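A.B. asks: Residues per chain are reported as follows:
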Amino acid sequence: MSLRTGAPPNYARRRIIDRIMRALTVVATATAVVPLVLILGYVLVVGGSGLSVSFFTETYQAPLMGDFTDPTLVDPAVGAPEGGANPDDPYADLDLGALTGATPAEPTDGHGSIDLSQVSSGGGVLHGIVGTLLVTLVGLLLALPVGLLAGVFLAEYDNNWLATATRFCTDVLSGAPSIVIGVVAYILIVQQTRTFSGLAGSIAIALLMVPTITRTTEEILRLVPQTVREAAMGLGAPTWYTTFTVVIPTALTGIVTGVLLAFARGAGETAPLILTVLGNNTLSVNMLAPIAALPLLAYRYTESPFPTEIQLAWSTSFVLVVLVLFINIALRLATRSRLRGR
Amino acid sequence: MATTSERPVALGNAWTRWFRHGDGLFAAIVALFSVLVVGLVFAVGVVTYLGSAEARAQFGAGFFTGIDWNPIETSIQAVTFGAWPAVRGTLLTSLIAVTLAAPVGIGIGIYLSELCPRSIRQPLSFMVELLAAIPSVIYGLWGVLVLLPFFTDVLANPIADSLGTIIPALAQPVGTGRGIIATGMILALMILPTISAITRDVLAVVPNTQREVMLALGATRWEVIWGAVLPYSRAGIVGGIMLGLGRALGETMAAVMIVGNTARISDSWFQPATTAASQIASELTNATSPLHESALIYLALTLFAITLTLNLAARILVAQLSRGAASSRF
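Just so you know, the protein sequences line up as chains A and B, in that order.
Numbering of the first sequence is given in our numbering, commencing with residue 86 and proceeding in unit increments.
Numbering of the second sequence is given in our numbering, commencing with residue 11 and proceeding in unit increments.
One should not assume that every hint holds.
Claimed, not checked - Pulled a few chain B residues facing chain A out of the computed Cβ check, cut under 7 angstroms:
| # | residue |
| --- | --- |
| 1 | G34 |
| 2 | A38 |
| 3 | V47 |
| 4 | I118 |
| 5 | L125 |
| 6 | P127 |
| 7 | M137 |
| 8 | V147 |
| 9 | M263 |
| 10 | I290 |
| 11 | N321 |
What the hints assert, rightly or not - Negatives, chain A to chain B, calculated, CB over 12 angstroms:
| # | residue |
| --- | --- |
| 12 | S259 |
| 13 | V370 |
| 14 | A374 |
Claimed, not checked - Here are a few chain A residues that face chain B, going by a calculated C-beta distance under 7 angstroms:
| # | residue |
| --- | --- |
| 15 | G133 |
| 16 | L247 |
| 17 | L368 |
Just so you know, these hints were derived from the structure itself, not from any lab.
Note that the structure is predicted; figures quoted are calculated from it, not measured.
Ideal Cβ positions, reconstructed from N, Cα and C, are used throughout, including at glycine.
Turn these sequences into a full structure, and let the hints steer you where they fit.
C.D. replies: See the structure below:
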């Protein structure tokens with residue numbers, strides 16, 4: 086019997102299985118990429134199309150106060166047009182124009198209802214932008230010292246029980262549902278002060294930012310070569326002096342991007358804000374009172390029956406997504422250049 | 011993993027070493043902030059535990075099996091809080107999410123770590139991780155305005171009309187599509203990056219000798235992955251799935267916007283339901299009584315306890331494998 090030189094007898098079947106399974110992994114990857122492209126595409130295209138100057142400079146405007154498309158349809162002096170009024174409508178004689186300052190729209194189906202797609206409203210989300218910036222920045226200020234110094238501890242004083250416990254607790258905190266953090270802030274602040282407030286939101290956001298900042302700081306500080314520390318210590322610097330004048334400045338870019346990442350995540354958090362910040366339709370900078378926030382606006386406008394408010398929801402999402410994308414890509418570039426530079 | 015920090019050679023006595031140069035103070039301060047981080051976790055547990063005292067005293071463990079959630083007293087029903095609708099909704103949505111996301115996520119992990127051309131590995135990884143960075147309210151918005159209409163027309167109604175006549179869980183009425191299945195689909199999308207990133211990371215630490223031995227035996231690429239790589243990293247992948255499950259259980263915004271917020275048990279999974287997180291989010295700010303508030307906080311405590319346990323178990327599994335090298339980011 087001669088030596089077999091060809092493929093084993095079952096090779097054809099095995100090769101088909103190999104092809105199929107490898108193709109399936111490609112399909113799986115596409116399954117993730119397609120929704121991502123769809124979500125980003127919708128938000129960027131639909132949301133981007135609704136951007137205007139007034140979107141950034143105006144606050145909430147009640148939809149019914151806007152101009153209707155064709156104000157000549159109803160003349161209050163003459164009354165409702167022929168066949169338009171419902172004889173059972175108890176409010177048929179009500180002069181909406183006098184009440185709201187606007188001209189009522191043409192009843193479209195003879196039942197006195199208003200075609201919602203005809204309702205236009207201007208208005209923007211300035212209050213949300215201001216509120217989100219305030220709440221998130223104050224949260225960042227609260228989280229920064231805790232996260233940074235705990236990160237320094239993890240990087241510089243490794244291998245002890247406290248470091249292990251801290252690492253585990255950052256994992257638990259970042260894995261805990263954000264709604265639970267919101268509940269804690271609600272109990273501790275909203276219930277005690279008997280008012281919803283921007284500050285309560287900041288504290289909830291801070292709790293969510295701490296683990297991110299701690300772990301990024303630790304990872305970035307670990308990338309600083311040990312020789313750099315040794316050089317400083319060789320000159321007689323104590324550990325704290327080395328850390329603050331050599332290690333942290335070396336890693337500063339990374340730390341800043343990590344902090345920005347925490348900021349982006351904090352700015353997009355919604356669930357804890359429902360329980361703490363509550364929302365506000367007017368421009369407010371009072372951190373001890375309910376305040377508006379972009380994700381809250383996106384949430385509330387999504388449920389709106391008015392197409393113009395749904396458009397506002399898309400545009401608000403656009404602002405949030407651009408913030409997140411920008412910071413993530415910046416982090417990506419910063420990490421890459423640092424890794425290549427060494 | 012970087013090095014263990016080496017302290018300077020000790021000169022003088024312990025007092026000099028620790029305090030004269032300010033190092034002791036420095037160590038104490040940074041350790042204090044570490045203790046603070048640990049304290050935060052305890053605070054979350056203690057606050058929710060104390061806040062739920064009233065509900066725990068009144069309902070005990072029967073809270074989770076009670077099927078009636080009536081915050082407002084009516085002529086036919088007394089005020090009572092049973093969490094089963096929320097527990098059921100949370101479990102079903104999360105299980106659907108994990109069932110959908112686990113195979114896909116593992117597939118992505120395999121592709122990114124084993125099969126993908128080097129040039130597109132980085133951009134693809136980044137795109138998958140971007141899914142995790144998108145705020146959850148945007149998933150909700152997209153789910154409500156884009157996915158739900160598509161889901162109702164193309165998936166839900168045809169399925170309910172065909173399979174639904176046999177399986178009660180898939181039966182009509184579909185209605186607006188808001189319900190357990192739609193929520194499970196959105197949650198699946200949201201936990202994909204967790205599962206795929208951890209799978210990728212644990213596959214990356216499988217030693218190359220494992221692969222080389224299989225290849226030397228004449229195995230195909232898939233046989234190498236199936237026979238040598240996946241078994242080696244099984245524990246880590248299971249850990250990743252558990253972390254994904256933890257995320258799905260606690261996810262609030264997508265659930266509150268899509269699940270329908272109805273504390274009722276319907277046969278059909280297409281029908282509106284509720285989850286623990288969405289019930290807290292939609293009711294806590296307008297709680298009608300201290301007991302209502304307390305019951306919602308009880309739900310929060312349960313969520314926290316479950317995610318803490320899942321995290322602990324998952325981290326032990328992942329750490330066993332990668333020895334703390336990879337995947338510490340999630």
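A.B. asks: Let's test the interface hint: is any C-beta of chain A closer than 7 angstroms to that of I118/B?
C.D. replies: 5 angstroms, holds
A.B. asks: Find the nearest Cβ of chain B to the Cβ of A374/A and say whether that gap is larger than 12 angstroms.
C.D. replies: A374/A is indeed farther than 12 angstroms from all Cβ atoms of chain B, at 15 angstroms.
A.B. asks: Hey, does the I290/B contact hint survive, CB to chain A under 7 angstroms?
C.D. replies: Check passed: Cβ of I290/B comes within 5 angstroms of chain A, closer than 7 angstroms.
A.B. asks: Checking hints one by one. Is L247/A an interface residue toward chain B, by the C-beta closer than 7 angstroms rule?
C.D. replies: 6 angstroms, holds
A.B. asks: For the hint on L125/B, just tell me whether its beta-carbon gets within less than 7 angstroms of chain A.
C.D. replies: 6 angstroms, holds
A.B. asks: The hint names V47/B as touching chain A; please verify it with the least Cβ-Cβ distance against 7 angstroms.
C.D. replies: 5 angstroms, holds
A.B. asks: The hint names M137/B as touching chain A; please verify it with the least Cβ-Cβ distance against 7 angstroms.
C.D. replies: Status holds, d = 6 angstroms.
A.B. asks: Is the nearest CB of chain B more than 12 angstroms from the CB of V370/A?
C.D. replies: 22 angstroms, holds
A.B. asks: Is the interface hint satisfied for N321/B? The criterion is a beta-carbon contact with chain A at less than 7 angstroms.
C.D. replies: Status holds, d = 4 angstroms.
A.B. asks: Quick one, is the V147/B hint okay against chain A at 7 angstroms, beta carbons?
C.D. replies: Holds: closest Cβ of chain A sits about 4 angstroms from V147/B, inside 7 angstroms.
A.B. asks: Given M263/B as an interface hint, is the shortest Cβ-Cβ distance to chain A below 7 angstroms?
C.D. replies: 5 angstroms, holds
A.B. asks: Given A38/B as an interface hint, is its Cβ closer than 7 angstroms to any Cβ of chain A?
C.D. replies: Since the shortest Cβ distance to chain A is 10 angstroms, the answer is violated.
The earlier numbered hints that this structure contradicts are 1, 2, 6, 12, 15, 17.
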